[in-house]
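Protein chains: 2
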Amino acid sequence: MDSAALLDLLGNENRRRILRLLARRPCYVTEISDYLGVSPKAVIDHLRKLEEAGLVESHVDDGRRKYFSIARNLRLEVNVTPYDFGTKSAYSASPNLDITSWKHVSLHVERATQAAAELNSEEETEDTDIRTDAAGASDSPPADVADGASDSDSPGDADQPPNADLAGLAADLEQLERLENELSMAQRWVQGRLTETLDRISDHFDGVDGRFYAELLRGLATGPEPPDRLAQRVDAPPDVVADALEGLAAHGVVERDGDQWRLNV
Amino acid sequence: MDSAALLDLLGNENRRRILRLLARRPCYVTEISDYLGVSPKAVIDHLRKLEEAGLVESHVDDGRRKYFSIARNLRLEVNVTPYDFGTKSAYSASPNLDITSWKHVSLHVERATQAAAELNSEEETEDTDIRTDAAGASDSPPADVADGASDSDSPGDADQPPNADLAGLAADLEQLERLENELSMAQRWVQGRLTETLDRISDHFDGVDGRFYAELLRGLATGPEPPDRLAQRVDAPPDVVADALEGLAAHGVVERDGDQWRLNV
Chain A
1 MDSAALLDLL GNENRRRILR LLARRPCYVT EISDYLGVSP KAVIDHLRKL
51 EEAGLVESHV DDGRRKYFSI ARNLRLEVNV TPYDFGTKSA YSASPNLDIT
101 SWKHVSLHVE RATQAAAELN SEEETEDTDI RTDAAGASDS PPADVADGAS
151 DSDSPGDADQ PPNADLAGLA ADLEQLERLE NELSMAQRWV QGRLTETLDR
201 ISDHFDGVDG RFYAELLRGL ATGPEPPDRL AQRVDAPPDV VADALEGLAA
251 HGVVERDGDQ WRLNV
Chain B
1 MDSAALLDLL GNENRRRILR LLARRPCYVT EISDYLGVSP KAVIDHLRKL
51 EEAGLVESHV DDGRRKYFSI ARNLRLEVNV TPYDFGTKSA YSASPNLDIT
101 SWKHVSLHVE RATQAAAELN SEEETEDTDI RTDAAGASDS PPADVADGAS
151 DSDSPGDADQ PPNADLAGLA ADLEQLERLE NELSMAQRWV QGRLTETLDR
201 ISDHFDGVDG RFYAELLRGL ATGPEPPDRL AQRVDAPPDV VADALEGLAA
251 HGVVERDGDQ WRLNV
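These protein sequence lines map, in sequence, to chains A and B. Following full-length UniProt numbering, the numbering of the first sequence begins with 1 at its first residue and continues without gaps. Following full-length UniProt numbering, the numbering of the second sequence begins with 1 at its first residue and continues without gaps.
Just so you know, these hints were derived from the structure itself, not from any lab. Since this is a predicted model, take the numbers as computed values, not measurements. No incorrect hints appear here.
Where chains are identical, the list cannot tell them apart; a pair therefore holds if satisfied intra-copy or between any two copies.
With a Cα cut of at most 25 Å, we get these calculated DMTMM-like pairs of lysine to aspartate or glutamate:
hint, residue 1, residue 2
1, Lys66, Asp209
2, Lys41, Glu57
3, Lys41, Glu51
4, Lys103, Asp257
The following block holds chain A by itself, in its conformation from the complex (with noise of 0.2 Å):
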């Protein structure tokens, strides 16, 4: 989704206390009129306006109540440097993603969080979880009978191993979010490293052209670009991009692509 649109929905203090209402359990408009202290008419409008931008869905219940709740995971980032004002929102990452493939970040989280994934994602036929396979021990168990066996293992029911199922998942839970909390540690740290080296280029050149040299090598530092794309980038006409890059290029700093730049390194 839209990050301007995100953001001014979530521009609204009322909008984010209904969404940390919605986050903690469904609910009707009356609740949530009462919770909020704000017309009934009020929450029905910001409701109306989360529900248009795809955050929140409603379901009718069996005694024909109008409950709300959260739609989906989504995630968004705002990051705000001397060299930098950039908003970008996105829907969580598939649980497939291959996430051993990447060149700067390593993840180490233990096979109980992939072993959960797997059992959830209803694509997979493959199964490492040894209860399941247990449970499913004919040819090819579909995932509901996975699915099935685990309600079975609820804490009321004793004739079952002592809730393997639910310590593994609280354990998952643990280890999902510190790594939440170091990944969040990192993009600071990457947000402190940039501006630094943003720093560094400007300091390069003398006067005030520093801190154009340094946005034009970023432009580049995401992969190869045309010389239009970045003059745009850049907010600078063509033609000083052009002497720039060239300037640059006769340095050996970047060189050119085909009719694209890119950083040589």
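We have chain A; now place chain B onto it with these hints.
Okay, now just chain B, sitting in the frame of chain A:
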């Protein structure tokens, strides 16, 4: 800075446009007003709010013109899931942060970045950058000598090595941008896995209570908690929380730790 205040500020499109403009270059009021097509009075009002929040600062140049720029590095993260509406804002992490001590995340960045960080840090006395050592051949070269050395290394300067330093910084830039993208993807992956794990914990319990148990275990996933704080966190009566914890303890999922409860993982 306070995430709520930050979201209130960023919830305005014109303030976002001002920040985007200032991230490109420092500007004075008339420039911003012309660029945005918004009255100088409104621009001044937005700038005042941004300045009060510490996002923007101003300085007066030689021609007595007041320029505004982004004051410092800041990151905001918003997490929306059926279990969570969380906001987190923080300044950049220190360059001296020990990024090797994390348990679940490893960052792979090459030496150049480290050298740049060390060169830039004024507290740093040891210096691994060869050019800087040469420039400050006498004892204890202060940080500003190093800065002077890199200033003279501009592309116009022919009697210097061919911008080895600048090319190194460009390489750092590329690495850091990629690292940032991978970290961002990693967080989206973790977000998905966390929601899956909480779903699976919910599924463990019959009926409506599953969500409550999932929240309870999540409340302990970041470390031991006293029962009253846990009750506050999951917004449930203390006796209900106490009963639930005893039930989970009987199945070995949680355990007492003095006055606190913790996951038994």
